[in-house]
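Residues per chain, in single letters:
Number of protein chains: 2
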Amino acid sequence: MNPILVVGSVALDTVKTSAGFIEDGLGGSATYFSLAARYFAPILLVGVVGEDFPREHKALLRDRGIDCSGLETAAGETFRWSGKYGKDANVAKTLATHLNVFKDFRPKLDEAHRSAPVVFLANIDPELQSEVLSQMKEPALVACDTMNFWIDSKPAALKELLSKVDIFFCNEEEAEKLAKRPNPLQAAEVIASWGPSVVVVKKGEHGALMKIGSRIYIFPPYPMAEIKDPTGAGDTFAGGFLGYLASCGVYDDVGHLKRAMAYGTTMASFNVEDFSTRNIEDLDRDRIDERFHDFLDRMSVPRAEDLLKSRRPVAA
Amino acid sequence: MNPILVVGSVALDTVKTSAGFIEDGLGGSATYFSLAARYFAPILLVGVVGEDFPREHKALLRDRGIDCSGLETAAGETFRWSGKYGKDANVAKTLATHLNVFKDFRPKLDEAHRSAPVVFLANIDPELQSEVLSQMKEPALVACDTMNFWIDSKPAALKELLSKVDIFFCNEEEAEKLAKRPNPLQAAEVIASWGPSVVVVKKGEHGALMKIGSRIYIFPPYPMAEIKDPTGAGDTFAGGFLGYLASCGVYDDVGHLKRAMAYGTTMASFNVEDFSTRNIEDLDRDRIDERFHDFLDRMSVPRAEDLLKSRRPVAA
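Going down the list, the sequences are from chains A and B. Residues 1 to 316 (the numbering used here) are what the first sequence spells out, left to right. Residues 1 to 316 (the numbering used here) are what the second sequence spells out, left to right.
None of these hints come from the bench; they were simulated from the model. Any given hint could be a false lead.
The list treats identical chains as one, so a pair stands whether inside a single copy or across any two.
To be verified - As a list, the in silico DSBU-like pairs of lysine-lysine whose alpha-carbon atoms are at most 35 Å apart:
hint: 1; residue 1: Lys87; residue 2: Lys137
hint: 2; residue 1: Lys154; residue 2: Lys87
hint: 3; residue 1: Lys137; residue 2: Lys309
hint: 4; residue 1: Lys180; residue 2: Lys93
hint: 5; residue 1: Lys177; residue 2: Lys93
hint: 6; residue 1: Lys177; residue 2: Lys309
hint: 7; residue 1: Lys87; residue 2: Lys108
hint: 8; residue 1: Lys103; residue 2: Lys309
hint: 9; residue 1: Lys137; residue 2: Lys16
hint: 10; residue 1: Lys309; residue 2: Lys164
hint: 11; residue 1: Lys84; residue 2: Lys177
hint: 12; residue 1: Lys16; residue 2: Lys177
hint: 13; residue 1: Lys16; residue 2: Lys180
hint: 14; residue 1: Lys93; residue 2: Lys137
hint: 15; residue 1: Lys93; residue 2: Lys309
hint: 16; residue 1: Lys180; residue 2: Lys164
hint: 17; residue 1: Lys309; residue 2: Lys180
hint: 18; residue 1: Lys309; residue 2: Lys108
hint: 19; residue 1: Lys87; residue 2: Lys159
hint: 20; residue 1: Lys309; residue 2: Lys58
hint: 21; residue 1: Lys84; residue 2: Lys309
Let the hints inform the model, and build the full structure from the sequences given.
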């Protein structure tokens, strides 16, 4: 088993969408990532919460087998984010961000953390992400995420970080802003030139693309008639993606990376079906694989020589 | 060989996009459809042009093997459309529509037309589409397209037509407007309930989906770093789609329909690379199939048991 170290936020989110409202729900990039990735690989979570962090949230993470020895409790209040989504579920409007204990977060890695073969540097200050990375022994795979705030405020630190990571996850808007390019294909090309051998650009309800070397791979979204709460979809995607790769122990093969994209899409599709982490707390690998294969069936195109074998009449 | 009858507009288009401008370029739904479909199957084109229609345009269609015996020349001017596209290449702003000879178009079908096994009723008045269909003998496959104008002005005639077609092509905006539903999945469900066993919803640069029975299939777009002129992309898509099905002579199998979606995407991707019909006039089946297979490679996800066979290192 190849454990994944994730360093990021554990938060309390207040979210309003067209489907409803939640106050102080369990959230944070490391939380979503861990809950999604734990179906595939052992997870070591490093983060910080305040003294007000509900006991049951911490219990939930531990009960799901997530190693929370690196989840520090500091004096003060937990990181809080509140936001709302309009008709376009791809765009969150941030109403308030209270960093609280997260402001002074200095990730402390112990021996087990430093030895993890896979590390996900979730969305935190890129200088901190680099600092965490420098503590790692010899990870086989380094991935990171970021957000608009860091693209605006610390672009140099972010570029420096990108020169040291294998996989960069971002959404379309972030990619275009970071690369100063008008579309995700051109943006991914610029970003790849800075270091990451794999650039994943998520387009929300429009699917995702993955650039490996000079080649672009393209993925449709899982078809959803309704999205209740898109919060955490990106980190859940990364969790399914890296979890699957860690479960295989293969980090440099296009075929595995394509399947990782499909697992990322699958996990994100579960996540957006309910508020907070509700819908990814109690899945199991059978349900995940059922939707994964359903997704592949919906997007797969048979080879000409397989057409007769796969015959499925329209009237079915 | 299974010929395809297409009835629709042959026009002169004046188009402005961020990549340039063209005046009185060859256009029209039946034109784009025919030029795309003719790589796959014999095409019988029924339409009307005015006396001003350039001789070289008609020669171009004939030289490409398109049967133009049903392309009437009427007294008056050719149908003209002019429009422009802004930053969002999915949305055309119509600047002017001059129906001219198209206003009195009453398609006349001869024996060969009436016997065609496949018919594409391109975007014209739904009452005319129904009238054409009533002249057909026993087509194995009936497909149609429409546009916002008819959805607004003749919804009842359009619904009546849909009860008689097998495949309906529309774009996302049209589907939502026609079905009065807020997203393409729900819209496709409503439209399918009116008759078509296959509903294809095109989402422009975001790909497409296909509803067959109760099941939704999903397709990413072919990755394009630049779109020069999206005019005709929908009809080119339908041309690749129906052309491929006609070439197989199989109209009711999910696998064939999935490949048809990929051929539609492929043909549309060629079309948007240049103004008017320029980039689909002189392709050949090898170039088409090369891009078709490239598209499939970019979107295909290997099965777990094929991972080792398909090994492609990232560093390639």
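How the hints compare with the structure:
no. : hint               : result
1   : Lys87 with Lys137  : neither (45 Å within a copy, 47 Å between copies)
2   : Lys154 with Lys87  : both (31 Å within a copy, 29 Å between copies)
3   : Lys137 with Lys309 : between (50 Å within a copy, 32 Å between copies)
4   : Lys180 with Lys93  : both (22 Å within a copy, 27 Å between copies)
5   : Lys177 with Lys93  : both (17 Å within a copy, 27 Å between copies)
6   : Lys177 with Lys309 : neither (47 Å within a copy, 38 Å between copies)
7   : Lys87 with Lys108  : neither (40 Å within a copy, 47 Å between copies)
8   : Lys103 with Lys309 : neither (59 Å within a copy, 48 Å between copies)
9   : Lys137 with Lys16  : neither (41 Å within a copy, 57 Å between copies)
10  : Lys309 with Lys164 : between (46 Å within a copy, 30 Å between copies)
11  : Lys84 with Lys177  : both (22 Å within a copy, 26 Å between copies)
12  : Lys16 with Lys177  : both (26 Å within a copy, 27 Å between copies)
13  : Lys16 with Lys180  : both (31 Å within a copy, 25 Å between copies)
14  : Lys93 with Lys137  : neither (38 Å within a copy, 57 Å between copies)
15  : Lys93 with Lys309  : neither (49 Å within a copy, 46 Å between copies)
16  : Lys180 with Lys164 : within (21 Å within a copy, 50 Å between copies)
17  : Lys309 with Lys180 : neither (48 Å within a copy, 39 Å between copies)
18  : Lys309 with Lys108 : neither (56 Å within a copy, 42 Å between copies)
19  : Lys87 with Lys159  : both (33 Å within a copy, 28 Å between copies)
20  : Lys309 with Lys58  : neither (50 Å within a copy, 43 Å between copies)
21  : Lys84 with Lys309  : neither (48 Å within a copy, 46 Å between copies)
Consistency with the previously given hints fails for numbers 1, 6, 7, 8, 9, 14, 15, 17, 18, 20, 21, ordered from lowest to highest.
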